[in-house]
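As you go down the protein sequences, you meet chains H and U in turn.
Just add 2 to wherever you are in the first sequence, counting from 1, and you've got our numbering.
Just add 556 to wherever you are in the second sequence, counting from 1, and you've got our numbering.
Hints are computed from structural coordinates only; laboratory data are not their basis.
Any given hint might turn out to be false.
[Unchecked claim] Pairs of lysine to aspartate or glutamate residues, derived as EDC-like cross-links and limited to a Cα-Cα distance of at most 20 Å, are as follows:
{"#": "1", "chain 1": "H", "residue 1": "Lys11", "chain 2": "H", "residue 2": "Glu68"}
{"#": "2", "chain 1": "U", "residue 1": "Lys820", "chain 2": "H", "residue 2": "Asp125"}
{"#": "3", "chain 1": "U", "residue 1": "Lys803", "chain 2": "H", "residue 2": "Glu84"}
{"#": "4", "chain 1": "H", "residue 1": "Lys85", "chain 2": "U", "residue 2": "Asp818"}
{"#": "5", "chain 1": "H", "residue 1": "Lys24", "chain 2": "H", "residue 2": "Glu37"}
{"#": "6", "chain 1": "H", "residue 1": "Lys206", "chain 2": "H", "residue 2": "Asp217"}
{"#": "7", "chain 1": "H", "residue 1": "Lys177", "chain 2": "H", "residue 2": "Glu37"}
{"#": "8", "chain 1": "U", "residue 1": "Lys803", "chain 2": "H", "residue 2": "Glu101"}
{"#": "9", "chain 1": "U", "residue 1": "Lys820", "chain 2": "H", "residue 2": "Glu84"}
[Stated by the list, open to error] Restraint-style ranges between C-beta atoms, simulated for each label pair:
{"#": "10", "chain 1": "H", "residue 1": "Gly160", "chain 2": "U", "residue 2": "Gln567", "range": "19 to 29 Å"}
{"#": "11", "chain 1": "H", "residue 1": "Gln22", "chain 2": "U", "residue 2": "Leu777", "range": "37 to 47 Å"}
{"#": "12", "chain 1": "H", "residue 1": "Ser175", "chain 2": "U", "residue 2": "Ser772", "range": "52 to 62 Å"}
{"#": "13", "chain 1": "U", "residue 1": "Glu748", "chain 2": "H", "residue 2": "His223", "range": "54 to 64 Å"}
{"#": "14", "chain 1": "H", "residue 1": "Gly20", "chain 2": "U", "residue 2": "Arg745", "range": "23 to 33 Å"}
{"#": "15", "chain 1": "H", "residue 1": "Gln201", "chain 2": "U", "residue 2": "Met751", "range": "55 to 65 Å"}
{"#": "16", "chain 1": "U", "residue 1": "Leu777", "chain 2": "H", "residue 2": "Thr14", "range": "55 to 65 Å"}
Heads up, the beta-carbon is just placed ideally off N, CA and C, and yes, glycines get one too.
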Amino acid sequence: MNTTLVTIKDLTVSVKDGNQKKYLIEQINFDIIQEHIVSLVGESGSGKTTTALCLGRLLSLALTIESGKIIFNGQDFLTLTEKQLQQFRGAEIGFIFQEPLYAFNPLLTIGFQIEEVLIAHSDRNRKQRQSRVLELLDMVRISDPMRVFRSYPHQLSGGMRQRAMIAQAIAASPKLIIADEPTSNLDVTLQAEIIELFQELNQKLHLAILLITHDLGLVRHLSDDLVVMKSGRIVEKGRTKDVLAMPRHSYTQELLEATH
Amino acid sequence: MNKDKHYSPFQLALDSFKKSKRGGFFLRLLIFLYGAAFFADFIAPYSYQEEARQHSYAPPTKIHMIDQGRLTRPFVYAQSLSFNENHERVYREDKSQRYSLRLFVPTQKYFILGIIPSMTRLWGVDVPGKIYLFGTDSRGRDIFSRLLYGARISLSIGLIGVLISFGLGLLVGGIAGYYGGIVDNILMRLCEMFMMVPGFYLMLALRSVVPDNFNSYQVYLSIVVILSFIGWAGLARIIRGMSLTLKEREYVLAAKMLGLSDFKIIIRHILPHTLSYSIVAIMLSIPGYILGEAALSLIGLGIQDPLASWGNMLSEAMSIAHIQLHPWVLMPGFFIFMTVMSFNIVGDVLRDCFDPLLKGIKES
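Build the full structure now, drawing on both the sequences and the hints.
Below you can see the structure in the form of structure tokens.
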């Protein structure tokens with residue numbers, strides 16, 4: 003079962019700065035294997051989030067993809083039309099943001115915002131959708147799904163919101179989840195619970211997860227593969243165990259020392 | 557506040573609106589006026605076109621409660637018209653004929669709201685007596701009744717006009733701000749074309765395009781369309797600005813990431829965030845529509861006689877002689893004033909309620 007889900011090939015992203023072009027990502031290559039958890043680590047500004055946004059083709063207008071390919075499940079992702087992309091996002095790729103408070107619309111209930119994904123990507127009727135949402139909330143171990151369903155984002159605690167967002171991301175059963183620093187705003191005990199949840203979902207739902215993080219502890223604990231980025235380039239990649247046991251690049255060594 | 561219940565920001569704003577005495581009073585006044593307009597044909601003692609030429613410019617009828625020193629049920633005397641040496645009208649009460657005021661008086665068959673057949677009106681006096689609560693106009697038509705019928709037109713034009721122009725303004729502004737670029741440029745230049753021409757002249761120009769042979773309903777509809785054509789552009793510009801900033805919010809990115817269509821994102825995730833502004837703007841712009849209709853009708857380009865609207869009723873008050881001799885023809889002006897003021901105050905209070913920065917500072 004080691005088939006490749008996503009291949010990123012020679013991906014280069016640039017931003018226009020006056021007459022000059024600056025490269026945010028240069029020639030990066032890596033694969034995401036089905037059902038694997040891949041960690042993407044690196045300092046701030048090293049291009050982690052840009053890489054993630056490329057996977058949803060949601061770069062801001064100032065950024066352009068210069069060259070490269072993203073092949074998702076055999077399909078060249080960069081040639082899809084906007085309409086095809088809409089069917090892709092949410093259904094094939096789920097996204098978990100760093101701060102769920104901002105990623106939920108404050109005027110709509112959590113329940114409705116999860117339901118929205120189902121409206122867009124499934125033909126369930128209203129009743130089926132609602133029971134599916136409750137099931138999802140239960141799946142991310144929210145103890146009182148009915149209450150959370152009817153709540154507005156500001157009424158929930160940080161941990162609850164994060165769980166609700168995970169529920170939203172997996173609602174249309176995607177094959178890949180991209181989690182952009184999912185635990186950095188949570189306290190330590192909550193972090194542990196969320197990590198456990200990721201592991202569980204990874205096994206139960208056969209999800210591949212692209213985990214963007216600073217936290218090497220999390221990486222060691224959770225991920226199968228590791229990609230280390232610095233200044234828009236990949237400096238090291240491989241099996242997590244191997245890389246952490248024998249870091250070859252000086253930056254990886256520094257990173258390891260800094261967290262010990 | 558009840559902890560188990562969940563409140564949306566709108567419910568919170570409504571909650572603080574309910575606490576405001578000023579807002580509550582004027583909102584009730586508006587509801588009262590709209591209610592009266594809705595049931596105009598039942599409440600009005602006469603129809604809007606029922607004329608009594610021998611009673612032209614009759615002053616408001618006096619209602620008497622005391623007959624020969626004893627308290628009785630309210631009644632009115634018959635009035636007779638004569639002219640004084642300056643050829644001015646003088647109405648005298650004819651004490652030999654008195655007519656009692658009654659509830660549910662029988663009249664000719666008519667239809668309430670055009671559907672329910674009815675043979676009675678809410679109140680009136682015994683026939684052949686007449687009661688003119690606010691006097692009569694040049695053709696001897698009851699101003700009170702015409703005010704009620706006119707309210708139907710004058711008050712509904714504001715609501716319908718605002719619905720059309722705000723629908724248009726929200727949509728155009730939302731689309732322009734969300735897509736940006738060329739779409740934004742084209743839509744905004746279009747808005748500016750509308751805003752360039754002074755409102756009143758644009759209104760007159762558009763009115764002149766409407767054919768003369770329209771019946772009264774077509775005229776009514778064309779006035780609504782004309783008025784809403786003028787109002788949408790300003791709103792579209794403001795909504796466009798808000799949507800430019802709103803589309804950068806993370807939940808819009810999140811919604812895109814979930815694969816929602818652009819239209820859904822604009823409708824559900826961008827426009828609702830402009831509502832606290834636009835609800836206030838709606839309230840504050842309704843008076844503009846009411847005044848617009850009144851202005852058009854006043855100069856004879858709006859609703860045509862015998863149909864009543866507050867504007868065309870006011871055209872009776874265009875000469876100073878009439879205002880001096882028969883001040884009651886100004887009554888529609890008073891109602892326009894009341895309505896416009898109420899909308900402005902309700903809008904003002906709503907703005908305070910929606911503005912979280914003002915909360916707790918001001919408890920009106």
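Here is how each hint holds up against the structure:
1. Restraint check: the Cα-Cα separation between H:Lys11 and H:Glu68 comes to about 12 Å, which is no more than 20 Å; the hinted pair holds.
2. With a C-alpha separation of about 17 Å, the suggested pairing of U:Lys820 with H:Asp125 holds against the 20 Å cut-off.
3. Annotation: proposed proximity of U:Lys803 to H:Glu84 holds, straight-line Cα distance about 17 Å (limit 20 Å).
4. A C-alpha spacing of about 10 Å is found between H:Lys85 and U:Asp818, which places the hinted pair at or below 20 Å, so the restraint holds.
5. Between H:Lys24 and H:Glu37 the CA atoms are separated by roughly 34 Å; this puts the pair beyond 20 Å, and the hint is violated.
6. Our distance criterion of 20 Å between C-alpha atoms is broken by H:Lys206 and H:Asp217, whose separation comes to about 24 Å.
7. For the suggested pair H:Lys177 and H:Glu37, the alpha carbons sit about 8 Å apart, so the restraint of at most 20 Å is met.
8. Taking the CA atoms of U:Lys803 and H:Glu101, the gap is near 17 Å; set against the 20 Å cutoff, the hint holds.
9. Using a Cα cut-off of 20 Å, the hinted pair U:Lys820 and H:Glu84 holds, with the two alpha carbons roughly 15 Å apart.
10. Distance hint check: the CB atoms of H:Gly160 and U:Gln567 are about 24 Å apart, consistent with the given range 19 to 29 Å.
11. For the hinted restraint 37 to 47 Å between H:Gln22 and U:Leu777, the CB-CB distance of approximately 59 Å leaves it violated.
12. Separated by about 60 Å at the C-beta atoms, H:Ser175 and U:Ser772 satisfy the suggested range of 52 to 62 Å.
13. Between U:Glu748 and H:His223 the beta carbon distance is about 59 Å. The supplied range of 54 to 64 Å therefore holds.
14. Taking 23 to 33 Å as the suggested C-beta distance range, the pair H:Gly20 and U:Arg745 conforms, at roughly 29 Å.
15. Separated by about 59 Å at the C-beta atoms, H:Gln201 and U:Met751 satisfy the suggested range of 55 to 65 Å.
16. In this structure, U:Leu777 and H:Thr14 meet the distance hint of 55 to 65 Å, their C-beta atoms being roughly 59 Å apart.
Checked against the numbered hints above, the structure breaks hints 5, 6 and 11 and satisfies the rest.
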